[in-house]
Amino acid sequence: MSALPALIGISIHENKYYYLSWIPSESGPLVIDYGTTIIKEQDIPFDYFIDKIKEYNINPRFTIALSNQHIKYNFLESYNPLIDDWNNRNNYDKIFQSSYDSYIYNTEDGNFNIHILKSIKNNIVNQIKHKKYPLANLSIGIFSALTGVKSWYNLENFGNYIILKLSKRNILELLIIRDRQFSSYVVGQKNNDNFNITSFFGNKKYKEDISETIKSFFNNSLDLKDYEKIFYYSIGGNKNDANLFSSFNSDKFILINPFKRLNLDDNCNPKLSEINLSSYAELGNAFGGIDV
Amino acid sequence: MFDVNLLNEPGQQNEKTADNSISFDLDPIDIIDRKINNKEVTNNLSENSKKKDWFLIIIIILIIGIIISVLLGYYFQKI
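Chains A and B supply the protein sequences, listed in that same order. Residues in the first sequence are numbered from 1 upward in steps of one, following this note's numbering. Residues in the second sequence are numbered from 1 upward in steps of one, following this note's numbering.
Bound-form chain A, shown alone (with noise of 0.2 Å):
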């Protein structure tokens, strides 16, 4: 018998991996494997994952997602070509350029930049070229949930939604598509009923707006603007907000759990809490382009 394919995806935070590993199957991805491990060395144990399921006879392919900690974000309002061709010079000078790999994405307003450390980067492809796995996609934390969300609920009838993220020491991370389109990646800290955007990258004229909003998920005066729905997850997030959330009864706020809309092989159904099960959310890469 051929090996069958399968898809690991990996994402990496803080000091864990979170694992999950599918096959094609007549009904849509099965879900074979998953689970977390403590990052112990530089190296990805990429065969740790394959291991995990030898039984199976697979053929692997990886997805990647990565954390925010060797990425750096900027946006660059538009103006006519010339200008931003003198902005972008005055951005970034030589030693970044050889140094960070850029990726820019055109928005309504201007471009929104992701860089990524080439070292990081290559380092990754390196290991993985030298075990000979093929690597399908490589994203980062958030970005990589909305693969996901994209893939597992049906959007068709949104056009303005959020992606949320609740993290340890209160912080929050906000992915905002308007009109179906990137408008704004958002950082920003919760301290009691207050939320202090940190850092913004995006159109600035719906800055305020947002912090509104989120200030009113905190303070009972909840007021979600034009946003059709909330789209939270949380790894190690304070579990009172995460709760605060799903006693708003409000079918606009969407626990992402990944588990829900894939089919599980027998020896693996999760035994972990729905908030639990949302920390997979990040895994959204290793199932972009199919609906599930």
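I should point out that these hints are in silico values taken from the structure, not numbers from a laboratory. One or more hints might be untrue.
Only some residues are given here: those of chain A computed to face chain B with a beta carbon under 8 Å [what the hints assert, rightly or not]:
no.: 1; residue: Tyr105
no.: 2; residue: Ser139
no.: 3; residue: Ile140
no.: 4; residue: Gly159
no.: 5; residue: Phe182
For every residue, glycine included, the Cβ atom is placed at its ideal position computed from N, Cα and C.
Take the given structure of chain A and dock chain B to it, following the hints.
Positioned in the frame of chain A, the structure of chain B alone reads:
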């Protein structure tokens, strides 16, 4: 549609995001016929369920046969 894949060539991304979908070069029949550890990978697969159906039919025929034999035996004993 906005989709991040840092394996793409750096630079402008908007036209490259369409290539980020995961796909397997598989014949659907290939998926259906696969078995893992003698257990079907897929739900509702025809082969296994057909075997179960035949097994059930044979059992039912056997049970009916036994009942008829017992009844006939009882009838002829009485005669």
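Would you pick out the hints that fail for this structure and give their numbers low to high?
-> 4
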